[in-house]
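Protein sequence lines, in the order shown, are assigned to chains A and B. Per our numbering, the very first residue in the first sequence carries number 1; after that it's consecutive. Per our numbering, the very first residue in the second sequence carries number 1; after that it's consecutive.
Fair warning: there could be bad hints in the mix.
Footprint (simulated), chain A over chain B, 3 or more residues, beta carbon under 8 Å [what the hints assert, rightly or not]: (1) 44-58; (2) 90-104; (3) 107-119; (4) 143-149; (5) 160-171.
Worth flagging that the hints you see were computed from the coordinates, not collected in a lab. Note that CB positions come from ideal geometry on N, CA and C, so glycine has one too.
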Amino acid sequence: MDMEDFQVIDDYLCIRLPEEVDHHKSAYISENADRYILKDRVSNVVFDFSDTQFMDSSGIGIIMGRYKKISCFGGKVFAIHADRQIRRILYMSGLNKIIEIME
Amino acid sequence: MVETKRQQAGPARETGSMKNEMALEFDAVSSNESFARVAVAAFIAPLNPTVEELSDIKTAVSEAVTNAIIHGYENVYGYGRHGEVRPVYCRIREGKVYLRCRIENGVLHIEVEDRGVGIENLEKAMEPLYTTKPELERSGMGFAFMEAFMDDLEVESQPLKGTIVRMQKKLQCGSWIYGGE
Ligand SMILES: Nc1ncnc2c1ncn2[C@@H]1O[C@H](COP(=O)(O)OP(=O)(O)O)[C@@H](O)[C@H]1O
Ligand SMILES: [Mg+2]
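Here chain B stands alone, though its shape is the one from the complex (with noise of 0.2 Å):
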């Protein structure tokens, strides 16, 4: 239904050479990954995404968010001591993380970077169950999502320097929708 109206008004589709960016800047801290997501989310909308892209998207922008946060940075939210009633901020390192968007030609391309400690093998973080924050039950799964959600994964690291993940996932849809101007 919606389909079908969404066609009669005017120009229905851009033929994929449509090309939008967006970047985002924002502190290192866990209430921020939920803001990133729904940022992501946002700005692929006016592609109408499936339901099913749009819950991948979301879980790669997650684990990379995530992953800047509490590894980069290691500021974590949770119990300094049992029995506490609300977890509290440990903030080990100030920073940001950098978040870029853009489609072109039917394609996502994301970038999570952040300036923090990096990572020393990148071979091995990047096996599934891998973790080197099990106290903070990480399940190791974070790189192996990124991997199975979207279509293509490039990650960067340098100890000391930081680490920048590369994403690309083409939409199915792939091209603009316009509002019905």
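Same shape as in the complex, but just chain A (with noise of 0.2 Å):
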């Protein structure tokens, strides 16, 4: 993962997530999300799981991390590609109540 996996694109900050999404990644993802959504003022965060094969409860600690930094000020944050797997993951922590989750 590197910056270019971060892109800014009018009011929406996408994150292509790696193929793991664990512990030891979350720092990262989340500190550069954060930098993004300060300096670039953006207000929605969408996160791309089209190369993510794995993700534990930490990616769910990332999310849920984004999403209390921008419902504030009326951000939304989306879920896309998602395979089955973890969509069963979202579905199950219950973060399908507070994003959305799409194809």
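Taking the hints as your guide, dock the two standalone chains into a single complex.
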């Protein structure tokens, strides 16, 4: 994962997540996401799971953390291209109630 | 297709009596989280697990091993200061994580042990969404996932001594499949 995986398009920060999202990767993702949220004042965050084959509860922490940062300003969080296993984890943690999960 | 081929090749399936064990010991650092998952996945590969079983088991192992590292030994990989380019290791306690696996009668047994701080209130710790490290953006879903993804979960812990997490999962295929020698 590098800086190209963070892209600002209009009011959206798109994060292309790595193959495996775990505690070891989480600080890097959260820290950089927050930098963009502050610097570019984006109000929405899109998590792109296209490359992701594994995620544990650390990923839930990343998404919840970003949600807390932007939702109070009316921003939204999206999850796209999540496969079956990852969707299951998103639903089990109840994240589907606060973020939008799309194809 | 693959399935048919395998059944033709010699003694295709043992009737589940095969036993196999492994034990690993590694440093409590976060880069070993993926190592542990991959090791367990490779260990059960001869049983031909389904994609879903594999994913369940990897998640459960990842949760238990991550807990040992970040809670048991409080070794975190993150940013000391906002604005730094790369995360750094912050190791509060040196220590090892012990991972033991056994397959017997088609059931996978996994044990993850640490000799770290231990858990004071186990009942509370196992509640979904409960975390003692919200500053690390922990979601408190670790035990809930272990419980959901495995058939059985047992936790033994003693403050200042450490924690052992024991998990079991019956595998659909259950028996060894030989490579066709
Ligand atoms: N190996 C361990 N050693 C010490 N404390 C632990 C260990 N595993 C879990 N805990 C405690 O149990 C709590 C809940 O764990 P978990 O459900 O995995 O959530 P999280 O890791 O997100 O905090 C942790 O916050 C921690 O206080
Ligand atoms: Mg955990």
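Between the stretch 160-171 of chain B and chain A, see if three or more residues pass the 8 Å beta-carbon test, and mark the coverage as holds or violated. Our answer is that it is violated, as 0 residues pass the Cβ test (under 8 Å) against chain A, missing three.
Quick check: do three or more residues in the stretch 143-149 of chain B have a beta carbon closer than 8 Å to a beta carbon of chain A? holds (count 3)
The stretch 90-104 of chain B covered by chain A? Criterion: 3 or more residues, Cβ-Cβ distance below 8 Å. violated (count 0)
Coverage of the stretch 107-119 of chain B by chain A, judged on three or more residues with CB within 8 Å: Check failed, 0 qualifying residues.
Checking C-beta pairs, does the stretch 44-58 of chain B have three or more residues closer than 8 Å to chain A? Since 4 is at least three, the answer is holds.
In summary, the numbered hints that this structure violates are 2, 3, 5.
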